[in-house]
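Hints given; two lone chains; assemble the complex.
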Amino acid sequence: MFTLPDLPYDFSALEPIVDARTMEIHHGKHHAAYVANLNNAVEQAGAEVAGAPLEILLSGLGRVPEAQRAAVRNNGGGHWNHSLFWRLMCKHGDAGLSADLASAIQRDLGGLDALREAFGKAALTRFGSGWAWLVVDKGTLRVTSTANQDNPLMDDGGLPILALDVWEHAYYLQYQNRRAEYIESWWKVVNWSEVSRLYQTTV
Amino acid sequence: MSITLPALPYGGGELAPHISEQTLGFHHGKHHQTYVTNLVKLIEGTELEGQSLEAIVKASAGDPARAGIFNNAAQVWNHTFYFHCMKSGGGGKPQGALAERLAKDFGSVEAFLEQFKQAGLTQFGSGWAWLVEDAGVLKVTKTANADTPMAHGQKALLTADVWEHAYYLDFQNRRADYLDAFLAHLVDWDFVATQL
Ligand SMILES: [Fe+2]
Ligand SMILES: [Fe+2]
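Protein sequence lines correspond, in order, to chains A and B. FYI, in the working numbering the residues of the first sequence are 19 to 221. FYI, in the working numbering the residues of the second sequence are 4 to 199.
Chain B on its own, in the form it takes in the complex (with noise of 0.2 Å):
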C-alpha cells in the first residue's frame, strides 16, 4: 500500500474568502505533500514500507527513534483529515445524533464550541485541536505538532490545524478569528457525524 497525497475533496478556492486559494494551496500543495515525501523516503526498504498509514502511525508512536516517520506519518493523516472536517458552506450548529452526544457530553453544544476553540487558542506553538471518542465519551483535547489521536487510543472526530501555516496568510497572528471562521463557516458536520 503506496503513501501519496490525496487529492482535496473540494475545489482550491472553495473555502474562500475564509481559507484562500493561496493558502490552500501551498497547505495541501507543499506542507501536505512535503510530509508524504518525506515519509515514502523515510519508510524505503523498511518493514514499514507497504503498510498502512495508520499501522506507520502505530508502530512509530512514543518510540523516539522513528520520530522523524512518526512526524511525517502523523502530519500526512491530520492534514488528510483536516481537509476532510471542511467544506464549501460548512459551520454552523451540527445536527441529530452528533448535537445530542454534544449535548450529552458537554452539556451543550454551545459548550463544545467555545471549548473546541479555546483548546485551538491556547494550543502553545504549532499543534491541533480535536474533537476526540475517548472510551466511549467525546471530549476536547489539543496536541502539538505533530501529536495526533490514534496515537492515545483515541478516535479522532473534528479537528483544526493551528500550525501557523494553515492561517498566517488569511489572518497573520489572528487566530481566534481563524478559528471562528471555521467553526461559523467551513466544519463539514455530516462528515464529523459519519465519524461517530
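The shape of chain A in the complex, shown without the other chains (with noise of 0.2 Å):
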C-alpha cells in the first residue's frame, strides 16, 4: 500500500508564493487520488508488482501487466513526483546550495543564472501539463522536460534533484494563465539544502 505523506510544513507555509488554497487542494486531492488510483492498479496487476517499490515499477514499467500499465506509470508517476516536489519547498526558501552542487551547476550548466533560465524556459515551454526537472544523469546535472506525470526514471533519464509541476492545477487559482510568473516567482520557496542533499547522494 502507497500512503500519502504529510507536508513537511503548513498548507499556508509557501505563501505569498503558493496560497494554502492551491496547496491543500494540490496535496489533499489531487495528490491523495494519485495515490488511490496508483494502490488499485497495483492491487489489480496482481503478483507480478506487488510490494515493488515505487522506483522500481516506474524505471520498469514493461514488466507491469498491459492493463495496468498506464495506470501505474500515470498515477505512480503523480505519486512520486509530487513526493519529491513537496520536499524540495520550505518557507521563504533554504539558500543552501552547498559548494559541490554549485561548482556542478557552474561545470555542466554555466552558472546557476544560466540553470534559472534553461530550467524556466523547459517549464515554461512545456505544453501542456507536465514537469521540469534538473536530474543527475550519470554524473551530469542536466534540465530536462516531461508530459504529464512522466519522469526521468521511466526512461533511465537520470535522478531528478530538482522538479517543478506546471499542470495548470499548481498554479490556476493564483496565477491563472501567468505560468512565467509563477516560474518566476517559484525560485523564492526552493529549497537549496534539499536539493544539495539529493545531489550528494548521487556523487
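In case anyone wonders, no lab produced these hints; they're calculated from the structure. No residue lacks a Cβ here, since even glycine has one placed at the ideal position from N, Cα and C. One thing to keep in mind: the hints can contain errors.
[Said to hold, decoys possible] Quick partial rundown of chain A residues pointing at chain B, CB under 10 Å, derived from the structure:
#1 H44
#2 A120
#3 F145
#4 S147
#5 K156
#6 T158
#7 T162
#8 S163
#9 A165
#10 Q167
#11 L191
#12 Q194
[What the hints assert, rightly or not] Straight line, CA to CA, 30 Å or less: simulated DSSO-like cross-link-like pairs of lysine-lysine:
#13 A:K139 with B:K44
#14 A:K139 with B:K33
#15 A:K47 with B:K61
#16 B:K120 with A:K206
#17 A:K139 with B:K145
#18 B:K120 with A:K47
#19 A:K109 with A:K206
#20 A:K47 with A:K139
#21 A:K139 with B:K61
#22 B:K145 with A:K47
#23 B:K120 with B:K145
And the structure:
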C-alpha cells in the first residue's frame, strides 16, 4: 500500500508564492487521488508487482501487466513526482546550496543564472501538463521536461534533484494563465539544502 | 486571410453559474487570445501566412518541425469550436435527427452521454473530449493537448475542453462535476446538429 505523505510544512507555509488553498487541494485532492488510483492499479496487477518499490515500478514499466501499465505510469508517476516536489520547497526558501552542487552547476550548466534560465524555459515551454526537471544523469547535471506525470526515471534519464510542477492545477487559482510569473516566483521557495542533499546522494 | 480572435457567441457572464464570467474571461481573453497571437507570429513571413486556419492545421499536423504552429493553430480552432458548442440554457437531451444518429451509433442517447463524459474524465493531463463523425459513423474520442479530429480525417461535432484552465477556477480538481454541468446545462445541441 502506498500512502500520502504529510506535507513537511503547513498549507500556508509557502504564502504568498503558493497560496494555502492551492496547497490544500494539490496535496489533499490531486496527490491523494494519484495514491488511491495507484493502489487500485497495483492491486489489480496482482502478484507480478505486489510489494515492489515505486522507483522499481516506474523504471521498469514494461514489467507491469499491460492492462495496468498506463494507470501505474500516470498515478505512480503522480505519486513519486509530488512526493519529491513537496520536499523541494520550504517557507521563505532555503539558500543552503552546497559548494559541491554549486560547482557542478557551474561546470555543467554555466552557473546558477544559466540554470534558472534553462529550467525556467523548460517549465514555460512544456506544452500542456507536465514537469520541469534538473537531473543528475551519469554524473552530469541536465535540465529537461516531461509530459503529464512522466518523469526521468521512466526512460533511464537520470535522477531528479529539482522539480517543478507545471500542470495548471499547480498555479491556476493564483496565477491563472500567467505560468511565467509562477515559475519566476517559485525560485523564492526552493529548498536548496534539500536539493544539495539529493545531489550528494548521487555522487 | 488573417487569423484573429473570434468574439464569444454570448456574453461573458451568460454561462454562469456553471462556467463563471471569470473563467470565460481568462479562457477566451487570455488563453484563446494567446494562441491567436502566437500563431500569427509563427506564420509571419512563411508560406502559411494568409492561408485559412483549417489549411494551417492540416499542413502542420504530424510535422515535428512545425509542432509550435500546429499546437497554436489547433488550439485556436478547438477553442472557437468549443465556445460555440455551449450556450446559456443549453444541455439536456438532443432531439430530432441528431438524437436518432446518436441512438443508432451508440445504442442510446444516454450511452453516448456516458461515453462522452468518460472520455473527458479519462483524458490524462490536458486535452479534449469529442463527438466526431468518422467515415459516416459517430464516435466518441479524446485527444491530448492541442490534437484535433481534423488532423485524423474526422469531423468534429461536439467538444469539451478538459485542460484544467477550462474548469479550475469553478470546479478545481472536480473534472467530473464540470463535465456533468457541461452536458446538463451548457451544450448547444442545435449547434451540434448543424455540424452533422
Ligand atoms: Fe500537481
Ligand atoms: Fe482551453
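Structure versus earlier hints, numbers of those that do not hold, lowest first = Numbers 2, 5, 6, 7, 8, 15 and 16 - these are the hints that the structure violates, sorted from lowest upward.
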